[in-house]
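Engineer: Each protein sequence line maps, in turn, to chains A and B.
Read in order, the letters of the first sequence correspond to residues 4 to 202 in the working numbering.
Read in order, the letters of the second sequence correspond to residues 954 to 1266 in the working numbering.
Don't read these hints as lab results, they were simulated from the structure.
Using N, Cα and C, we set each Cβ at its ideal position, and we do this for glycine too.
Mixed in with the good hints there might be a few duds.
To be verified - Rough simulated footprint, nothing fancy, chain B against chain A, three-plus residues with beta-carbon under 8 Å: (1) 60-72; (2) 96-108; (3) 115-125; (4) 150-163.
To be verified - Cβ pair distances, simulated, as ranges: (5) Phe1093(B) <-> Thr29(A): 37 to 45 Å; (6) Val964(B) <-> Gly179(A): 30 to 38 Å; (7) Ala1105(B) <-> Gly106(A): 54 to 62 Å; (8) Ala10(A) <-> Gly1065(B): 34 to 42 Å.
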Amino acid sequence: MPPNIEAVMARRPDLVVLYNAGPNVTAAKQLERAGIQTVLIDLNRLEDLGPAARTLGRLTGRQEQAESLAIVLDSLAGRPPPPSTISLAFIVWDNPPIVIGHGSYLDQLAAQAGARNVFGDIAAPSAQVSLETIVARDPQWIAVLTDSAAMPAFSRRREWRAVRAVREGHFLLLPGSLFGRPGPRSGEAIAQLRARLAR
Amino acid sequence: MKWTLLALVAVLALLLSVVLGPAAVPLSELLRSDIVWNLRAPRALLAFLVGGSLGVAGAGLQALVRNPLADPFLLGLSGGAGLGAVLAIALHLPGPWALPIAAFIGALAALGLVYRLGLIGGASLDPRILLLGGVAIGAFAAAITTAIVSLADAAELRNAFLWLWGGLSGASWDSVLIVALYAPIPLAVLFAASRPLDLLALGEESAGYLGADVDAVKRRVYLAASLLTAAAVAVSGVIGFVGLVVPHIARLTWGHRHRSLLPAAFLGGGALLAFADTLARTVVAPRELPVGVVTALIGVPVFALLLKRWTIA
């Protein structure tokens, strides 16, 4: 949803930070025209974190602290991934099945945690696949972004029981607030995923 | 000869659906493979049943409203089903069947409203009001759906649209059984209305003079076609094009007599959707195309070809 420009202007912010996508670009132009400092930030992958921290540091006058944070975040993105011993599939939606492919943040997260995304060969951040393909690729774990501790509803659907990891209850229920997007806590997300895979 | 060919095409479409898929299953292991038994076979049968149902529903509705542009989803059912599905997600309704059941209820609610609007001028169902009411109710439901999706926090709500775009990923033996038990009743009602539907083509007044109980036929055909479509949307979302073009293809080949037209639309719709789904699963594997895209890509050239032959003849 694009922001309500009038409501933003009414709060008289010193700085507006927007995710760099579609309708936000128009909103940023409108806010700039209204004299409000606005910045669009790309935040799709681990390597975007360092530059984002530096940009925000510069705009808020905290360059030193931002640089210190950016160095840590850059090292996270530049770290060679450990050898992967475990396979997983990120299921974003079950009907139709949407999975995470190569080039996405979650794919990077899995690699850094020592897991192989079985759909890492799909050259798109997310893609619709058939259930049959998930069965054939046979991931050891099914990772789902959810803020609930309950198993996803599709785990009880008969057709999904054809997937071995679903039958065996091998689900990784990952909280969206920590795993859903790149951020300063990405290192914590990687460590937590690695620990859960090792269990 | 035409019937033999159509039956062969239908069997071939079903066979291809079972033999082909993104996973490599050797022919020698076809009968023992879990992938074939638990995924491909129910999906092929569901595609056939849904495609056939949409074909027959489209043929029935086009005859009822005497409008070649009538489509089963034009009557507000897709909007109602979408609203039901989004509400199921927004309200966190539990259970694996919550979404299809809510979509079915949404479609039935839209059906009820449009039906009530159709009767606004009196006891006789007015086809023009049905069409207009369907478009209006569909737009209204779609607007509420969009408002819920825009204002809600749940990211999965946005994915409800993916479901609504249609597909057969949710196929299982359970869904095949449900449709196989449910669809024969509205299908039988439509097949039984073949003769009065032929008469309706002459106009309501003429059909009445020739012995058709016009009001009863209109009600039966509308309700049966809508109930078929509601079931289809509940198990497979909104798969466009089949209900619009298959009846025309069947009409160009089998003529306007509904006794032949309706079975041809069933077999043709079933074969088209089964074949389209096989292509959707395999052509860009491991990715999958929305099946509605493939039905349009196959159906439009076939339709254009038949239309050209028919115009020349």
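Engineer: Each hint needs a verdict: does it hold in this structure or not?
Structural biologist: Here's how the hints hold up against the structure:
For the region 60-72 of chain A, the stated coverage by chain B is not satisfied: 0 residues place a CB nearer than 8 Å to a CB of that chain, which falls below the threshold of 3. Counting residues of the region 96-108 of chain A whose CB lies closer than 8 Å to any CB of chain B gives 6, so the stated coverage by that chain holds, three being the minimum. Chain B is given as covering the region 115-125 of chain A, and this holds because 3 residues of the stretch bring a CB closer than 8 Å to a CB of that chain, at least three being needed. With a threshold of 8 Å between beta carbons, the proposed coverage of the region 150-163 of chain A by chain B holds, since 6 of its residues qualify and at least three are required.
For Phe1093(B) and Thr29(A), the hinted distance range of 37 to 45 Å is not satisfied, since their beta carbons lie about 28 Å from each other. A hinted range of 30 to 38 Å is violated for the C-beta pair Val964(B) and Gly179(A), which are about 47 Å apart. For the pair Ala1105(B) and Gly106(A), the supplied restraint of 54 to 62 Å is violated, since their beta-carbon distance comes to about 28 Å. A beta carbon spacing of about 39 Å between Ala10(A) and Gly1065(B) agrees with the range 34 to 42 Å that was offered as a hint.
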